[in-house]
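Novice: Generate coordinates for the entire structure from the input sequences, incorporating the hints supplied.
Spelled out, the chains give:
Protein chains: 2
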Amino acid sequence: MANGSFSTPKTYQLFVPEIKRLLSLKKLAELEKFLNALSAFDITDAWKEFTPDEKTILFNLLKTSLSVKVFETLDMPDQKHILSTLSDDVTQAFLQDVPADDLARVFHKLPNRVVKHLFSYIKKAEMVRYVNEMLSFPEHTAGSLMDPKFFTLKKDLTAHQAITALSAAVHTTTDEPLVDIYVADGDGRLLGQVALADLFRASSNMKISEIMTSTQRIQVPAILDQEKVAEHFRKFDLLSCPVVDPEGKLLGIIPASRILDVVREEATEDVQKIGGMEALDAPYFQIGFFSMVKKRAGWLLVLFVGETFTASAMGFFQAELEKALVLALFIPLIISSGGNSGSQATTLVIRAMALGEVRLRDWWKVMRREIASGLTLGGILGCFGLLRILLWPARTTLYGEHYVLIGFTVAASLVGIVLWGTLAGSMLPLILRRLGFDPAAASAPFVATLVDVTGLVIYFTAASLILSGSLL
Amino acid sequence: MANGSFSTPKTYQLFVPEIKRLLSLKKLAELEKFLNALSAFDITDAWKEFTPDEKTILFNLLKTSLSVKVFETLDMPDQKHILSTLSDDVTQAFLQDVPADDLARVFHKLPNRVVKHLFSYIKKAEMVRYVNEMLSFPEHTAGSLMDPKFFTLKKDLTAHQAITALSAAVHTTTDEPLVDIYVADGDGRLLGQVALADLFRASSNMKISEIMTSTQRIQVPAILDQEKVAEHFRKFDLLSCPVVDPEGKLLGIIPASRILDVVREEATEDVQKIGGMEALDAPYFQIGFFSMVKKRAGWLLVLFVGETFTASAMGFFQAELEKALVLALFIPLIISSGGNSGSQATTLVIRAMALGEVRLRDWWKVMRREIASGLTLGGILGCFGLLRILLWPARTTLYGEHYVLIGFTVAASLVGIVLWGTLAGSMLPLILRRLGFDPAAASAPFVATLVDVTGLVIYFTAASLILSGSLL
Chain R
113 MANGSFSTPK
123 TYQLFVPEIK
133 RLLSLKKLAE
143 LEKFLNALSA
153 FDITDAWKEF
163 TPDEKTILFN
173 LLKTSLSVKV
183 FETLDMPDQK
193 HILSTLSDDV
203 TQAFLQDVPA
213 DDLARVFHKL
223 PNRVVKHLFS
233 YIKKAEMVRY
243 VNEMLSFPEH
253 TAGSLMDPKF
263 FTLKKDLTAH
273 QAITALSAAV
283 HTTTDEPLVD
293 IYVADGDGRL
303 LGQVALADLF
313 RASSNMKISE
323 IMTSTQRIQV
333 PAILDQEKVA
343 EHFRKFDLLS
353 CPVVDPEGKL
363 LGIIPASRIL
373 DVVREEATED
383 VQKIGGMEAL
393 DAPYFQIGFF
403 SMVKKRAGWL
413 LVLFVGETFT
423 ASAMGFFQAE
433 LEKALVLALF
443 IPLIISSGGN
453 SGSQATTLVI
463 RAMALGEVRL
473 RDWWKVMRRE
483 IASGLTLGGI
493 LGCFGLLRIL
503 LWPARTTLYG
513 EHYVLIGFTV
523 AASLVGIVLW
533 GTLAGSMLPL
543 ILRRLGFDPA
553 AASAPFVATL
563 VDVTGLVIYF
573 TAASLILSGS
583 LL
Chain L
113 MANGSFSTPK
123 TYQLFVPEIK
133 RLLSLKKLAE
143 LEKFLNALSA
153 FDITDAWKEF
163 TPDEKTILFN
173 LLKTSLSVKV
183 FETLDMPDQK
193 HILSTLSDDV
203 TQAFLQDVPA
213 DDLARVFHKL
223 PNRVVKHLFS
233 YIKKAEMVRY
243 VNEMLSFPEH
253 TAGSLMDPKF
263 FTLKKDLTAH
273 QAITALSAAV
283 HTTTDEPLVD
293 IYVADGDGRL
303 LGQVALADLF
313 RASSNMKISE
323 IMTSTQRIQV
333 PAILDQEKVA
343 EHFRKFDLLS
353 CPVVDPEGKL
363 LGIIPASRIL
373 DVVREEATED
383 VQKIGGMEAL
393 DAPYFQIGFF
403 SMVKKRAGWL
413 LVLFVGETFT
423 ASAMGFFQAE
433 LEKALVLALF
443 IPLIISSGGN
453 SGSQATTLVI
463 RAMALGEVRL
473 RDWWKVMRRE
483 IASGLTLGGI
493 LGCFGLLRIL
503 LWPARTTLYG
513 EHYVLIGFTV
523 AASLVGIVLW
533 GTLAGSMLPL
543 ILRRLGFDPA
553 AASAPFVATL
563 VDVTGLVIYF
573 TAASLILSGS
583 LL
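Quick mapping for you: the protein sequence lines, in order, are chains R and L.
The opening residue of the first sequence carries number 113 in this note's numbering; numbering runs sequentially from there.
The opening residue of the second sequence carries number 113 in this note's numbering; numbering runs sequentially from there.
FYI, nobody ran anything at the bench for these hints, they're computed from the structure.
Heads up, some of the hints might be wrong.
Unchecked claim - Each computed SDA-like pair below joins lysine to any residue, with the alpha-carbon atoms no more than 25 Å apart:
| hint | chain 1 | residue 1 | chain 2 | residue 2 |
| --- | --- | --- | --- | --- |
| 1 | R | K261 | R | L247 |
| 2 | R | K221 | R | T197 |
| 3 | R | K160 | L | G468 |
| 4 | L | K477 | R | M404 |
| 5 | R | K192 | L | R471 |
| 6 | R | K221 | R | V374 |
| 7 | R | K132 | L | V374 |
Stated by the list, open to error - If you want the ones that stay clear, here's a sample from chain R, every Cβ over 12 Å from chain L, calculated:
| hint | residue |
| --- | --- |
| 8 | P129 |
| 9 | T156 |
| 10 | L178 |
| 11 | A205 |
| 12 | A296 |
| 13 | G300 |
| 14 | K347 |
| 15 | I543 |
Here a beta-carbon is modelled for each residue, glycine too, at the ideal position from N, C-alpha and C.
Specialist: As structure tokens, then:
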């Protein structure tokens, strides 16, 4: 879906050569001046053009305000790299200004030793508390996504007082855009929210308690999985979401912009699992070669071992094959049709489950639908297969005198195998979820392997029923 | 990733039976009273429990303010259904209040006839203009995502005047939460934006032109594809984004909450294509049986026709098969290993391209990486295959006296096929993009089919090289 008329301004192509030149000449003072005249977005855009060592040099040359902005917009692997290689004096300045939530997210990915070292640089007690609080929640939970810095109103303020308090607060504490303002009691327990528009709309002596709306349905517990949090944002069309502890105390706010990352991350994980590998934890070019091979080899081996059963199955039918070698010709055609229909069905159901469209209790509705689909799709392929054999010019030389019977064997097997593939593919994700596993593990290759082995059995059974007395 | 401690309050399970009871008794007056006491979210949650006819009855009973809220939170197919079946007097009231952007999105999916009919009910000229403006942009573009109702400031206002203008405006025009406020000149051309926090922070006689920041890098053209818009939100961590025409006139604002739907929709399309089918345009249970079968059968047939070449390829090697039937045993194992590695590679590259991690110009870097991966993965599987044959207890009965040579044939073929599968799988999405097609069409089953046919050629070539003089 290319779009000609819009392209991100690629200004970095103009200044990257200059940076590279200054780097190679080691003119660091000049480079520092040049870099700090650029915008954070320009630098982030150009970041991938540099080697890890160059990145370290460049980042150390940025002034603190710029380095914080660049850090915020870089991807996780680059953030990790920076925090691990920053020079001591730069670290000192940098760590005081970087937002606590960004820091906590990177700390989750760094070795304990490095985190401890970095913590020793943080001067503000408040910052230490924020980061520690966020680190206390596991990755991929609401608690690890939230911004622990927020502003709350008391419920007995008037609208006028609230606006004054708000403008005083933005002077000092928060950089985040304000959308919804939360109301809490003296113990920090979340009471409700006030939309900024409603605050403006209210007459100035109206009490916050009269303007605020309930957050009962919107607030999420800190330990909620991020996939569920994303679902929640979509369902309620949220721009921000309050995170609470079991006592209802407000812990932080998640902005919608962060959820975009979550949705992409979760979709990527699912896509990779559906493709038959372990989910990678970094972008394609950033993950190390051996970690990538490891994540691919594991599943390939599992599938390979599963697939060796086809050799056993074929060995079992060796007598039939010797009598009618022509049967071998159609083996790849038949098992791959089963694999393809299984791959379609499993992908469809995995995605529908990820989106919450299909739930466990729907299994019977799914099964009915997929039996009908499998029979229809199998019927279509069966007819095609039959015609392919009956109408092929060289049919008698290639398939022998019994080519009509062979045609019917292939057609019947196709109906059976496509039905079985569709059924196995659609039920497997539901069975995995029922057993407490990730449905996305029912990858297309996994289903295909399962269907290959059983497909051979279906094929040779159909053959011995239809061909016994003639070829067999 | 289940999470026990949090579940959406399923209060609807309490009132659905009551609604069903009143429906069956046709006590519509009582039902109307009961329904209008519920919240919009409760009704949306419960919506899927009713049949299409019941939905029509229920929606017609809702008071306008509630029906608008319910409409906004329902999925597209339900929105379409409602607009197509609404009774005339309800339509009249309803259409005056529903947000123009929601309406335009549904209108895109409705037949022209219905849209015309509905237009005749809209009384407000402004609303007609908004909807028409949005309909003038194709679906899946920035223009179709934006909210055409927005508030702008003039640049020579003071901060104090701006706050006054803003609070006057929220009284009358907008329901959307305010995050960024845009600044436009007399012709509506976008000049910049003011973060609400900055407006509060500024001293009251500061000019907007001094507070505002540039939107040059953030604004998007109305015809930009939604996938690019989503990428844009993520890159700049946006909570809202201005949409402009070629002259720079502000046309509307896209809120981040809408982008969550886009990201999910695009990921779903990619997942379904990777699974080897056309992307469905509705949730699993809402799409009609025959449209679903059509979208699956098309690709299954294409793959089937491709796969019939395996029968031709095998026919070509029939002489070898007659001499060494044992070769047939390993065919499924070998071709499926090629298919599995191809499926991994294509999925990986398609997703990396969708995320912008891999671009066309990176093809050589990808190719180098995948040649190395293919050789490593093929080597691992080859060793396993060799050992499987050499150490199998019944090796001489099953594979004959030349089982060592057969082992090496299988191992060599595995290296070749996995390398070829990995290479084909990784390059195909890039080639498709280069030719102007969607990379996601290089689905796992498509690559597997491609690799199956060539895999047979590789296998029999390896066999004739290694086994000539012994078995062949």
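Novice: Please go over all the hints and tell whether each is borne out by the structure.
Specialist: Hint by hint, here is what the structure shows:
At most 25 Å may separate the alpha-carbon atoms for a hinted pair to count; K261 of chain R and L247 of chain R meet this at roughly 14 Å. At roughly 15 Å between alpha-carbon atoms, K221 of chain R and T197 of chain R fall within 25 Å of each other, so this suggested pair holds. For the given pair, K160 of chain R sits about 12 Å from G468 of chain L by alpha-carbon distance, which is consistent with the 25 Å threshold. Restraint check: the Cα-Cα separation between K477 of chain L and M404 of chain R comes to about 15 Å, which is no more than 25 Å; the hinted pair holds.
A threshold of 25 Å between alpha carbons decides the hint, and for K192 of chain R with R471 of chain L the separation of about 24 Å falls inside it, so the pair holds. Using a Cα cut-off of 25 Å, the hinted pair K221 of chain R and V374 of chain R holds, with the two alpha carbons roughly 16 Å apart. Of the supplied pair hints, the one linking K132 of chain R and V374 of chain L is violated, its CA atoms being roughly 38 Å apart against a limit of 25 Å. Distance to chain L confirms P129 of chain R as a non-interface residue, since its nearest Cβ pair spans about 17 Å, more than 12 Å.
Not every C-beta of chain L lies more than 12 Å from that of T156 of chain R, the closest at about 8 Å, which undercuts listing it as non-interface. Distance check on L178 of chain R: its Cβ is at least 16 Å (rounded) from any Cβ of chain L, clearing the 12 Å threshold; non-interface status holds. Separation of A205 of chain R from chain L is adequate, the least Cβ-Cβ distance of about 23 Å exceeding the 12 Å criterion. Remark: the non-interface label on A296 of chain R is consistent with the geometry, its nearest Cβ contact in chain L lying 20 Å away (cut-off 12 Å).
With a least CB separation of 20 Å from chain L, G300 of chain R remains clear of the 12 Å interface cut-off, as annotated. Against the 12 Å criterion, K347 of chain R falls within the reach of chain L, whose nearest CB is about 8 Å from its own CB. The Cβ of I543 of chain R sits about 15 Å from the closest Cβ of chain L, beyond the 12 Å cut-off, so the non-interface label holds.
Against the hints set out earlier in the document, violations occur for numbers 7, 9, 14.
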